[in-house]
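Taken in order, these protein sequences are the chains called A and B. With the numbering used here as the guide, the letters of the first sequence map in order to residues 1 to 65. With the numbering used here as the guide, the letters of the second sequence map in order to residues 1 to 131.
There may be inaccurate statements among the hints.
Said to hold, decoys possible - Derived DSS-like pairs (lysine-lysine); straight-line CA-CA distance at most 27 angstroms: (1) K54(A) with K128(B); (2) K128(B) with K2(A); (3) K37(A) with K128(B); (4) K4(A) with K128(B); (5) K6(A) with K128(B); (6) K4(A) with K37(A); (7) K12(A) with K2(A); (8) K50(A) with K6(A); (9) K47(A) with K2(A).
Stated by the list, open to error - Computed, partial: chain A to chain B, Cβ under 8 angstroms: (10) V25; (11) S26; (12) Q28; (13) T29; (14) K37; (15) Y38; (16) S41; (17) L42; (18) A45.
Said to hold, decoys possible - Label-pair distances were calculated between CB atoms; the ranges are: (19) D105(B) with K2(A): 47 to 55 angstroms; (20) K37(A) with L78(B): 16 to 24 angstroms; (21) I99(B) with K2(A): 48 to 56 angstroms; (22) G24(A) with V98(B): 52 to 60 angstroms; (23) V18(A) with R129(B): 38 to 46 angstroms; (24) M28(B) with S15(A): 41 to 49 angstroms; (25) V56(A) with D105(B): 37 to 45 angstroms; (26) D39(A) with S38(B): 55 to 63 angstroms; (27) S64(A) with I116(B): 20 to 28 angstroms.
Everything labelled a hint here was simulated from the structure, so no lab data went into it. Computed from a prediction, not measured in an experiment: that's the story for all the values here. Yeah, the Cβ is synthetic: ideal placement off N, Cα and C, and Gly gets one too.
One-letter residues, chain by chain:
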Amino acid sequence: MKNKLKTIREAKELSQEVLGERLGVSRQTINAIEREKYDPSLPLALKIGKLFGKPVEQIFFLDSE
Amino acid sequence: MNTASNSQSPPRTFLAMALFGICMVTGMAAVEFANMPSALRIGLALLAPLAFLYLIWQWRNGVRQMDELERRIQLEALAIAFPLSVLLVLTLGMLQRVIHLPFEDFSYRHLWAMLIGIYFCSVAIARKRYG
Numbered sequence: 001m002k003n004k005l006k007t008i009r010e011a012k013e014l015s016q017e018v019l020g021e022r023l024g025v026s027r028q029t030i031n032a033i034e035r036e037k038y039d040p041s042l043p044l045a046l047k048i049g050k051l052f053g054k055p056v057e058q059i060f061f062l063d064s065e
Numbered sequence: 001m002n003t004a005s006n007s008q009s010p011p012r013t014f015l016a017m018a019l020f021g022i023c024m025v026t027g028m029a030a031v032e033f034a035n036m037p038s039a040l041r042i043g044l045a046l047l048a049p050l051a052f053l054y055l056i057w058q059w060r061n062g063v064r065q066m067d068e069l070e071r072r073i074q075l076e077a078l079a080i081a082f083p084l085s086v087l088l089v090l091t092l093g094m095l096q097r098v099i100h101l102p103f104e105d106f107s108y109r110h111l112w113a114m115l116i117g118i119y120f121c122s123v124a125i126a127r128k129r130y131g
């Protein structure tokens, strides 16, 4: 799965660590998601969407899209 | 095993590791004292497994406090470590039928250490995938 998390995070001027703290996960998790090495769970994806005020589909999308 | 929300587990885990180390040394030293009553030697020898049980309990608590990526890494590590451990025991078991494996190098205690080594290697392999 691909995502635009890094772009969105940087637009909000948030560090990976701060974002991780707000989501209750480690900086390593945020880094792994941004590098598309790890797909977040549904609850975490929904938390990310809610934090940035965007639908999940605007942040995460399938490889084929 | 550190995460944003993991504040209590590391000290307790390290304490459990230290306790296990002490019990392990005590248990191994018990062998040296042949004049000690057998029941006492057995008791001292079993201190290490009991301490290890406590360590496993703390490790389990630590895993429950990890974030989802760390939990995934632990799960994948176990998925790697278990089959490799089975393979190791099978290999040694088959070799034992055809050659002499010296007890000083291939006792259960040595096998245990090999299995622990396999687990840590598996964690490193699993972690590298997401690094």
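Verification of the hints:
1. Under the criterion of a C-alpha separation no larger than 27 angstroms, the hint pairing K54(A) with K128(B) is inconsistent with the structure, at around 31 angstroms.
2. Between K128(B) and K2(A) the alpha-carbon distance is near 20 angstroms, which keeps this suggested pair within the 27 angstroms criterion.
3. A distance of roughly 10 angstroms separates the Cα atoms of K37(A) and K128(B); the hinted pair therefore holds under the 27 angstroms criterion.
4. For a cut-off of 27 angstroms, the pair hint linking K4(A) to K128(B) stands: about 23 angstroms separates their Cα positions.
5. Proximity of K6(A) to K128(B) is assessed by CA-CA distance (about 21 angstroms); at most 27 angstroms being required, the pair is judged to hold.
6. Taking the CA atoms of K4(A) and K37(A), the gap is about 13 angstroms. The hint holds against a cut of 27 angstroms.
7. For the hint pairing K12(A) with K2(A), the CA-to-CA distance comes to about 20 angstroms; that is within 27 angstroms, so the pair holds.
8. Between K50(A) and K6(A) the alpha-carbon distance is near 16 angstroms, which keeps this suggested pair within the 27 angstroms criterion.
9. The hinted pair formed by K47(A) and K2(A) meets the criterion: a straight-line CA distance of about 17 angstroms does not exceed 27 angstroms.
10. Residue-level restraint check for V25(A) holds (minimum Cβ-Cβ distance to chain B is 4 angstroms; threshold 8 angstroms).
11. A hinted interface residue such as S26(A) counts as satisfied when its beta carbon comes closer than 8 angstroms to some beta carbon of chain B; here the least separation is about 4 angstroms, so the hint holds.
12. A cut of 8 angstroms between beta carbons decides the hint on Q28(A): the least distance to chain B is about 6 angstroms, and the hint holds.
13. Annotation: T29(A) was flagged as interfacial toward chain B, and the flag holds, the nearest CB pair being 4 angstroms apart, inside 8 angstroms.
14. Checking K37(A) against chain B by beta carbon gives a least distance of about 5 angstroms; that is within 8 angstroms, so the hint holds.
15. Because the smallest distance between the Cβ of Y38(A) and any Cβ of chain B comes to about 5 angstroms, under 8 angstroms, the interface hint for this residue holds.
16. Look at S41(A): its Cβ gets to within about 5 angstroms of chain B, closer than 8 angstroms, so that hint holds up.
17. Because the closest C-beta pair between L42(A) and chain B is about 11 angstroms apart, greater than 8 angstroms, the hint is violated.
18. Interface hint status for A45(A): violated, as the beta-carbon distance to the closest one in chain B is roughly 11 angstroms, over 8 angstroms.
19. In this structure, D105(B) and K2(A) meet the distance hint of 47 to 55 angstroms, their C-beta atoms being roughly 51 angstroms apart.
20. A hinted range of 16 to 24 angstroms holds for the C-beta pair K37(A) and L78(B), which are about 20 angstroms apart.
21. The hinted range of 48 to 56 angstroms is satisfied by I99(B) and K2(A), whose Cβ atoms lie roughly 53 angstroms apart.
22. Under the hint 52 to 60 angstroms, the C-beta atoms of G24(A) and V98(B), about 54 angstroms apart, fit the expected range.
23. For the pair V18(A) and R129(B), the supplied restraint of 38 to 46 angstroms is violated, since their beta-carbon distance comes to about 25 angstroms.
24. Between M28(B) and S15(A) the beta carbons are some 48 angstroms apart, a value that agrees with the proposed interval 41 to 49 angstroms.
25. Between V56(A) and D105(B) the C-beta distance comes to about 55 angstroms, which lies outside the given range of 37 to 45 angstroms.
26. Distance hint check: the CB atoms of D39(A) and S38(B) are about 56 angstroms apart, consistent with the given range 55 to 63 angstroms.
27. Range check, S64(A) to I116(B): about 43 angstroms between beta-carbon atoms, so the 20 to 28 angstroms window is missed.
Violation of the numbered hints given earlier is confined to hints 1, 17, 18, 23, 25 and 27; the remaining hints are satisfied by the structure.
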